[in-house]
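K.L.:
Residue numbers (this note's numbering), protein chains in the order written: chain Z, 1 to 347; chain H, 1 to 347.
Simulated from the structure, these hints should not be mistaken for lab results.
Don't take every hint at face value.
Copies of the same chain look alike in the list, so a pair counts if it works inside one copy or between any two.
Pairs of lysine-lysine residues, derived as DSS-like cross-links and limited to a Cα-Cα distance of at most 27 Å, are as follows [claimed, not checked]:
1. 346 - 170
2. 157 - 321
3. 346 - 321
4. 248 - 24
5. 154 - 346
Note that the structure is a prediction, hence the values are computed from the model and not measured.
There are 2 protein chains.
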Amino acid sequence: TLAAPAIAQETPKVTWRCSSGFPKSLPTIFGAAEVFAEAVAEATDGNFEIQTFGAGEIVGALEGADAVKNGTIEMAHTASYYFTGIDPTYAFGTGVPFGLNQRMTNAWMYEGGGLELLNKFYAKQNMISFPAGNTGAQMGGWFRKEINSLEDMKGLKFRIGGFGGRIMEKIGVVPQGLPGGDIYPALEKGTIDAAEFVGPYDDQKLGFNKVAPYYYYPGWWEGGVTLLNMINMDAWNSLTPAYQGIVKSASALANSVMMARYDILNPTALKELAAAGTQLRPYSQDIMEACFDAATETYAEISAENADFKEIHDSYMAYRKEGYLWFQLSEYNFDTFLMLQQRAGKL
Amino acid sequence: TLAAPAIAQETPKVTWRCSSGFPKSLPTIFGAAEVFAEAVAEATDGNFEIQTFGAGEIVGALEGADAVKNGTIEMAHTASYYFTGIDPTYAFGTGVPFGLNQRMTNAWMYEGGGLELLNKFYAKQNMISFPAGNTGAQMGGWFRKEINSLEDMKGLKFRIGGFGGRIMEKIGVVPQGLPGGDIYPALEKGTIDAAEFVGPYDDQKLGFNKVAPYYYYPGWWEGGVTLLNMINMDAWNSLTPAYQGIVKSASALANSVMMARYDILNPTALKELAAAGTQLRPYSQDIMEACFDAATETYAEISAENADFKEIHDSYMAYRKEGYLWFQLSEYNFDTFLMLQQRAGKL
């Protein structure tokens, strides 16, 4: 008899289901999963098919980690901080409050040992992960009323993503952990007083500006939010080395394209929002400083009782100190000069 | 007779030569070509082999474009601004003075129509290109003497990369177009008065600090320097669609990893340089402003006589205006707050 054709081993047929943590209506944060799936399909002549599903289609946004861990789905494209209820260590896959900006996050993950540390933790969760999207520094959310000081934050029901809520609690906020698709009705009905999601483009698309006039910045709890391709370890191990390589490269493409898409779409959305009456407001310095101190305190508390958290935290924060030193020099001065030209109408 | 096995068409043996525009001693700017080659090899089970060569090994740094165009080599991993002598339009593949920072460059290329416009131009040069590395905002170079004002720049023999030299000429500098590997001996001998290359890590490695004490910032002519994989069009067209997809994704990986590597290595090198006596100096505001005006003037002059340049320029500059508006909000305020904490010793 003839042996099975060698071709079947080189580019085998593989079908995976990828559940996004976000609604299909967003070409940005959901779109990155599609960019990834398309790149994998292209690199394998369509033999490795990744089917993408919006949050709730096959798995809810907050069930992603369990579904991947148990092999219900092969992978999720999501913000790992949705799963800090399982273990706070999940926060670092996305980024933590007052943490690394987008470029520093990539530096730490790709070349600073960050991804190895994350995957040491994810291996215990029967997963492996790769960065596959970033939002950059997000906006600080939509408020029905102006927030002028720390006092105004007390008692506020605020929808806030993942780990930021834990910091907010320390200054008296009552955090609400709703997935993206559920925010608008809650804000409209007044079940919550304020909500943050991502930035101008996504937020406008979900209509938050229609139900809250004040738009704050910066989103200090999401300075460089990373999405991960979280992959079931058995599914990963069943791939050929070539397919594993393709997943790594295609994740990097999605990581860049998602950031790029936000940076192209956000400026236009920002101008439209401002033209339609949205009021931009910076967080007051006392709020920023109280939250920074609360964050530092929280990291120390968790580190004292969670060795996985501590190990990743120490590496992440060591680089934060280096990164913000280096970026002060050419990067910051270059940007500042160009921003001043922008304000002077010279660009 | 038996048909040729189908496998030969799925993952055919391909060998390409890739000439880097940089010396092999630099794991950063040369290393990115290796990251790319390794990712392609991994994704194809080693069937698509890309051999990487340092500048001058098979092709000189300044001959890269011609060698790719003529098919002497299949591809180069280089700064396209080395080839502005052939056509100034080549500048945009790398980035232009007072142009887009690293993240904006990616935004414009991946999602702002930039790469399509670049490749419309490169097609006329018998090439196709993909971003495959970035340095971020570079430092502004090493000077034997302090430069306190615009007047001090006049008559200065300054090694400066590509297009920046043309701007510098307008303020009286005598630009020198040496490739990276030739800078040190020229600076040591005093053939040149000053030289810029990249940033702390590369510059320290090439030893410039030993022959010039003053280190200026920012490198306003290189705010987000991109390296391209410049690929001969016939070589590209001979690839299977899957291999083309792999080249695109692997280029994206190299693009991110090179930036990450710089952001990890530069802070340490910067501290070492400062500890060993290097004097950090900002460019004076009058120099920055005179150069900005000279750049704007130069772009208008070239646009008036070169339609390819104008088309890409207009798209690039339209996004510059949008990008520096958007980045002023969350991104800048987030970074600024963290930098202030860094200075206060709180990180």
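K.L.:
Work down the list of hints and note, for each, if the structure agrees.
P.N.:
Tested hints:
1. 346 - 170: Between copies only: 19 Å across, 44 Å inside.
2. 157 - 321: Classified as neither; 33 Å inside a copy, 37 Å across copies.
3. 346 - 321: Between copies only: 9 Å across, 34 Å inside.
4. 248 - 24: Both: 23 Å inside a chain and 25 Å across chains, each within 27 Å.
5. 154 - 346: between (43 Å within a copy, 25 Å between copies)
Checked against the numbered hints above, the structure breaks only hint 2 and satisfies the rest.
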